[in-house]
Amino acid sequence: LDIGINKLDTELTDFTNQFYLQTLFRNDLALSLGVEHKKLKVTTETILSTDNQDETVFENSNYVSLFGQLKFDTYDSKYYPTEGLFFLGEANYYMYSSDFSTDFSPFSIFKAELGYAFKATDNLSFNLVTDGGFKINPKANQFLDFVLGGYGNNFINNFKPFYGYDFLSIAADSYIKASINLDYQFVPKNHLMVTANYANVSDRLFDTTDWLSLPEYSGYALGYSFDSFLGPIEARYSYSPETRDSYWLFNLGYWF
601 LDIGINKLDT
611 ELTDFTNQFY
621 LQTLFRNDLA
631 LSLGVEHKKL
641 KVTTETILST
651 DNQDETVFEN
661 SNYVSLFGQL
671 KFDTYDSKYY
681 PTEGLFFLGE
691 ANYYMYSSDF
701 STDFSPFSIF
711 KAELGYAFKA
721 TDNLSFNLVT
731 DGGFKINPKA
741 NQFLDFVLGG
751 YGNNFINNFK
761 PFYGYDFLSI
771 AADSYIKASI
781 NLDYQFVPKN
791 HLMVTANYAN
801 VSDRLFDTTD
811 WLSLPEYSGY
821 ALGYSFDSFL
831 GPIEARYSYS
841 PETRDSYWLF
851 NLGYWF
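The numbering used here puts the first residue of the sequence shown at 601, with every later residue one more than the last.
In case anyone wonders, no lab produced these hints; they're calculated from the structure.
Please note: incorrect hints may appear among the correct ones.
Lysine-lysine pairs mimicking BS3-like chemistry, simulated, CA-CA at most 25 angstroms apart [stated by the list, open to error]:
(1) Lys-711 with Lys-638
(2) Lys-739 with Lys-711
(3) Lys-711 with Lys-678
(4) Lys-639 with Lys-739
(5) Lys-739 with Lys-641
(6) Lys-739 with Lys-638
(7) Lys-711 with Lys-641
(8) Lys-678 with Lys-719
(9) Lys-638 with Lys-671
(10) Lys-789 with Lys-678
(11) Lys-671 with Lys-711
(12) Lys-711 with Lys-639
(13) Lys-671 with Lys-719
(14) Lys-719 with Lys-789
Could you build the full structure based on these sequences and the hints that come with them?
Spelled out as structure tokens, the structure:
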């Protein structure tokens, strides 16, 4: 009897430590260089191995990497930017692993994000954002691939938000994404938000010109956000025309 599995419930544990030096230029440009330790464990109880009746372990390794980060931020607000520029470039070179799977080889991950916010009227603003990333030696560790879906501001590793798709829906070793967000503040601290996002996600995406083709994935969101003293209180409805799936997304307060 051949039984297929449509979805696999997994549990991911990530514990990351960083030691770095940072240099500030004025108040909006920061350069950071340092060393990172990451403990990564991925397990499931959906399928069981013969030697462990509680769970199957896919990954359980310690990683050490060198990393660098360049950040430029002139946004006038973190959650509701109406003016300014934002750039974040990051690079990691993973040079060591305790190698649970016994097939580790060094690899690098590069990623960047660029945003521009501007006002159309006193109450209406737009925020244009594009971001992307890729891996060198892409088959070295698929658990640190880029994974798109859902909504959030504080994802770990290479998880990226993408409206119209559920959390952790689209995965590959490289991606490029663009989004446009309309923010209409109809009364103080109350925002009507409309967002469209598009992406191409594929293994070795930048080896060809496919990343310049029409987006393979798209999604749209409509929502309301209240700028409270506890942080953004939000409700958003998202939809993707490719899958025809829709999701309600909620956020209560600051992300930590």
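Here's how the hints hold up against the structure:
For the hint pairing Lys-711 with Lys-638, the CA-to-CA distance comes to about 18 angstroms; that is within 25 angstroms, so the pair holds. With a C-alpha separation of about 17 angstroms, the suggested pair Lys-739 and Lys-711 falls inside the 25 angstroms cut-off, and the hint holds. For a cut-off of 25 angstroms, the pair hint linking Lys-711 to Lys-678 stands: about 20 angstroms separates their Cα positions. Proposed proximity of Lys-639 and Lys-739 is supported: the alpha carbons are some 19 angstroms apart, at most 25 angstroms.
Annotation: proposed proximity of Lys-739 to Lys-641 holds, straight-line Cα distance about 18 angstroms (limit 25 angstroms). For the proposed pair Lys-739 and Lys-638, the alpha carbon gap of about 19 angstroms is at most 25 angstroms, so the pair holds. Pair hint Lys-711 plus Lys-641 holds up; C-alpha atoms about 23 angstroms apart against a cutoff of 25 angstroms. Annotation: proposed proximity of Lys-678 to Lys-719 holds, straight-line Cα distance about 15 angstroms (limit 25 angstroms).
Of the pairs offered as hints, the one joining Lys-638 and Lys-671 holds, with about 22 angstroms between alpha carbons and a cut-off of 25 angstroms not exceeded. The hinted pair formed by Lys-789 and Lys-678 meets the criterion: a straight-line CA distance of about 14 angstroms does not exceed 25 angstroms. Of the supplied pair hints, the one linking Lys-671 and Lys-711 holds, its CA atoms being roughly 12 angstroms apart against a limit of 25 angstroms. Between Lys-711 and Lys-639 the CA atoms are separated by roughly 21 angstroms; this keeps the pair inside 25 angstroms, and the hint holds.
For the hint pairing Lys-671 with Lys-719, the CA-to-CA distance comes to about 23 angstroms; that is within 25 angstroms, so the pair holds. The straight-line distance between the Cα atoms of Lys-719 and Lys-789 is roughly 16 angstroms, inside the 25 angstroms bound, and the hint therefore holds.
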